[in-house]
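Modelling step: build the complete structure from the supplied sequences, incorporating the hints.
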Amino acid sequence: MKKFILLFFVVSIIASCGGKAGVNSADATGMKTLERPKRIADMMAARGEQDAAAPTLKIIEPAADATINGATVKVKLEISGDLKGYKPHMDMETKMGNHVHVILDNQPYEAYYNLDSEFELRNVADGEHTLRVFPSRPWHESYKNEGAFQMVKFTVNNGGGDAAKPTTTANGNTMATPEGKDMKMSLAGKVDATKPLLTFSRPKGEYKDADADAIMIDFWLANAKLTGDGGEYRVKYTVDNGEAKFIEKWEPIWLTGWTAGRHVLSLELVDKDGKPVDNGGYNTTVRDFMVTK
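Using the working numbering, read the sequence shown as starting at 79 and increasing by one per residue.
It is worth saying that the hints were derived from the structure and are not from the lab. No residue lacks a Cβ here, since even glycine has one placed at the ideal position from N, Cα and C. You can take every hint at face value.
Below are the DSSO-like pairs computed for lysine-lysine, each with C-alpha atoms no more than 27 Å apart in a straight line: (1) Lys323 with Lys273; (2) Lys268 with Lys222; (3) Lys231 with Lys154; (4) Lys314 with Lys327; (5) Lys303 with Lys327; (6) Lys323 with Lys303; (7) Lys282 with Lys323; (8) Lys371 with Lys110; (9) Lys323 with Lys222; (10) Lys116 with Lys282; (11) Lys222 with Lys165; (12) Lys353 with Lys303; (13) Lys222 with Lys353; (14) Lys173 with Lys286; (15) Lys314 with Lys273; (16) Lys303 with Lys222; (17) Lys136 with Lys231; (18) Lys152 with Lys136; (19) Lys154 with Lys136; (20) Lys286 with Lys314; (21) Lys282 with Lys314; (22) Lys222 with Lys152; (23) Lys136 with Lys222; (24) Lys231 with Lys152; (25) Lys323 with Lys286; (26) Lys222 with Lys162; (27) Lys268 with Lys350; (28) Lys222 with Lys154; (29) Lys110 with Lys350; (30) Lys323 with Lys110; (31) Lys231 with Lys303; (32) Lys268 with Lys303; (33) Lys286 with Lys371.
Cβ-Cβ distance ranges computed for the label pairs, FRET-style: (34) Asn147 with Ala338: 45 to 51 Å; (35) Gly108 with Glu171: 34 to 40 Å; (36) Gly108 with Asp287: 18 to 24 Å; (37) Gly225 with Asp349: 24 to 30 Å; (38) Asp356 with Asn147: 30 to 36 Å; (39) Asn192 with Glu321: 38 to 44 Å.
What follows is the structure, encoded as structure tokens:
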């Protein structure tokens with residue numbers, strides 16, 4: 079009997095230590111929250127007044143409730159507001175710059191750097207879709223002023239988009255998940271634009287060298303205030319299926335203590351009691367990304 083109890087205890091420990099294959103499930107215990115990293119603060123200082131800008135976007139194409147006859151969706155945006163020198167562009171030497179995050183349905187964003195150049199999403203599947211956009215800084219921190227975020231719904235009809243192939247952008251790049259995996263077919267959720275809506279922004283992709291020291295969590299929040307800002311909502315996040323923690327002010331946080339390998343981050347909008355707040359499935363999003371050291 080004693081041997082049976084001991085065997086059961088050992089098996090229970092082994093089972094409890096298991097995790098999703100390829101994910102550093104035990105590493106989240108070492109995570110720490112940092113103040114804004116010095117290299118980011120230095121970049122902000124070098125930008126003059128730009129970080130005090132209040133850019134506003136307008137989606138020209140696709141128009142709200144438009145029907146697109148074809149699998150290629152052209153995106154056209156206008157930017158205005160108190161820009162203080164802010165303008166989307168890419169520095170060809172650093173491959174960085176101000177840009178707009180463009181999100182089809184609830185897929186990872188695509189960075190749009192030059193609003194004067196044509197931008198399109200190709201191989202978009204038939205059906206209803208959402209497009210969400212908001213302006214961002216070179217290190218992918220979003221602007222959170224009123225008017226920065228815009229969303230439209232549209233329909234692709236008889237486009238022949240192949241759901242087995244990835245959606246691609248104007249330059250032919252796949253709208254990639256970490257490690258370059260192809261996107262599965264996506265359609266719009268039953269999203270109500272008047273209700274609380276969480277839009278996952280960062281992290282995304284692969285982090286190397288100094289970028290892997292402190293990784294930013296950032297998101298866009300519409301029609302809601304977090305408890306620390308006088309509202310009744312919180313954003314729950316978990317790293318690698320670890321302990322749930324909460325963001326109570328709408329601002330980015332930076333986490334340090336990452337180990338090399340693939341990691342998984344979950345963001346979820348919850349009420350003050352911790353209950354999920356649904357909106358078409360968009361308010362709970364899970365992303366994986368790579369850390370290389």
